[in-house]
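Protein chains in written order, with the UniProt record's numbering: chain A, 1 to 172; chain B, 1 to 432.
No lab work stands behind these hints, which were simulated from the structure alone. Please read these numbers as outputs of a predicted model, since none were measured by experiment. Mixed in with the good hints, there may be bad ones.
Taking lysine-lysine and the PhoX-like style, the derived pairs with C-alpha atoms no more than 25 angstroms apart in a straight line are [said to hold, decoys possible]: (1) A:LYS116 to B:LYS304; (2) B:LYS304 to A:LYS112; (3) B:LYS2 to B:LYS204.
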Amino acid sequence: MKTFDFGTDEEEATREERLVGVSGYHVTSEGETLIAYGLGACVAIALWDTDSKVGALAHTLLPRQESGLGASSGKYVDAAIQTMLREMVEEGAGYSSIEARLVGGADIFELKALGKGVGKKNASVAREELARLDVPIVAESTGGEHGRTVEFDTATGRLEVTTAHSDDVEVL
Amino acid sequence: MKLNVNALGTFYEMAREGAGLAATRLNSMSEFESRVKVTRLHFTHRSEIRNELDDGSEKVGIRVSMDGELSGTSLLLFDHESALSVAGALVDDVDDEPTNELATSAIVELCHIMNSGFVDGWADVLQAEIDVDAPEYVIGDTAGAFIDEDEFGNMHEELALVFQSQIETTGTEFGFEHYLIPEHESIARLFETQTDDEGIEYEKLAGFDQMAQHGATRVAENLSRMTGIEMDVDIRRINFISLDAIPETVPNEPLVSVAFSFSGTLGGYLLFLFDPESANELVAATVGDSPGGGLGAFEQDAIKELSNVMTSGLLDGWANMLDATIDHSTPAYSHDMGAAVVDPLIVGLSEVQEFAFVFDTRIHAVDREFDVDIYAIPDETDLEAALDRLDARRIDESLSHDVEETEFEAREFDADLVEEIAAGTFEEVEEL
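Chain A with its partners taken away, still in its complex shape (with noise of 0.2 angstroms):
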C-alpha cells in the first residue's frame, strides 16, 4: 500500500481549471483557469492586475448585497468586487494596476414576472461599482438574449466568451 500525507482538511489541491460556480468568486496568484459556464442573466467578473498576474472571477446573481439573502460574497455584484479586490491587493496584486471585464446580464426569457432587464441591471450595477472604485472596464459582452460561458486564463490575461450559439470565440 502506497503512503500518503493527507495535509489539512481545507487545503485544496492545485489545479489549473477552476469552475467558478453561481455565487462563487476566486482570487488566484497561480495562474489557473478561471470558468463559469453558461452565464444567463448573471454577470461574471474578471480582474486582472497586468504586472502580478493576480486574477480573480466572480459569477454573481444580483446587484446588490442589500436586494437578497445570504452572505455569500459572489452572489452580490457590489460585494464580490469589493472582496475579490481586497483579496488581490492581499495577493500581490496593486490597485492601480488592476482592470475589469464583465460578461453576461443578457435577458434568455420574456417573462414579466422576472422583470424587465434583470441582467442588464447586474451589468449596470457592475460599472458602478467599478466606477466608484476607480477599477477601468478595459472590455465587456453583456446584454442581448443569450448564455454566455467565460474562461479567465490568469495566467495570460486571456479572456474567452463563447456562446451556444456560434462556434466563433470572442476574445476580450
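For chain A, the structure is supplied; the task is to place chain B on it using the hints.
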C-alpha cells in the same frame, strides 16, 4: 414531523460541506483533482432509490451503518471504471477487476476516510454522538448488493429522505456517488429538535407528491396521445436545494427550453427542457417534419404550445388538489446552454429565498431516445402556505375522481392553435 426550511438548509449545507471534505480527501490520496459537482437533499419514493441503485451498472465501494442520534446507512460508490482508476492510483498492481485484496483494501480505506469526514461534519453540527460501524466492502449491480430489505423498510415509503452528492474530476470521466439514507424515525427526531412549530408538515408534502406523481403520469399519457410516442414517467422527486446549485443539476449543453411563471395561491416557475433531438422528434410527431430540419419559428411555436398544454395539465391538477387558483403566463422560449436558461429563474427567486423545493420530473419515451425534463420551482413561502391548506381527504378524493383529467383534456394539443400563435393571432392568457 414538520420540515422547517432553516433546519433543512442547515442539513443541506452540512451535506454539501461534508461532500467537499470528501472530495478534498480524495485529492489528497490520489492524483485526481476532484470537486463536488452537486449535492442534493431529496425526497423520493423508496422504489426510486432502489431503481437508481439497480440500474445494471456495476458499482464498487463501502456501506456503513450509523447509529445513535443519526441512524441509517451511508453508501460511497464508485462506478466500475472509476474504482479501478482509484485503486490503481493507490496501489501498484490492479488488474481488470477491483477484487484483489490490495485493491479492495485501498478502496475501503479511501471510502472510509472520505465517509468519516462526512459523518464527523454531521456530528459537529448536530452536537450529537453518531456511532459508525466498520465499513463493509460492497460490489454489485443490483440494489440488494448495497441496501438490504430491513434498511429499505426503515425508510419512509412515500417520501424517503436521501442526501446525495456527486463528485467529478477535472479532465477525467469519473463516477462517484455518496448516499446518506437516514432512518425515517431518526430524521424525524432530528427535525423535532431543530424545528419550532413553523414548517411544512411531512405527511402533507408526501400527499402533495403523491398527487404530483399522478399529475406527471397524466402528462405522460397525454403526451403519448398527442405524439403517438409511448411515454412514461422516469424520475419523480422533490429536491431541496440551494438556488445557487440548481444550474449544476442541468446538463451543460444547448437545450430547448420553455419557461412559465405561475401565480395565485401558489407562485413560482415551471421549466421544460428538451435536448434538441427530442425537441425535433416532438415537433415531427405532432406537426410533421420541419422543412429545414431545425427549429424555426413554426417549430418553436409547436414546442411552446405543447409545453403550454403540459403546464395546464400539471397546474390544474395542483390547483384542484389545493382547492385554489393557479394562473400561468404565456410560454417563453429559449434555445441555449442549460445553466443559462435556469439562471434567470434563480435570479427571480433569489431576492426572497436561498433554497427551493424543486419538483423534478423526467418523462421519457419507452422505446426511443426522447425525453423531457420538467422543473417546477414554487415560491417557498407560497408552498408552505399552500400545503398548510392541504386536506389529506382531498388528496384521496382527487386521486379517486381524477379531477384534473377533465381539465387536462380540455387543453388537448391543437395544431391549428400553433398556426394561430405563429400568425400572432392567438392570445390565450394575459402574461402575468
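field: Unsatisfied constraints (hint numbers, rising)
entry: none
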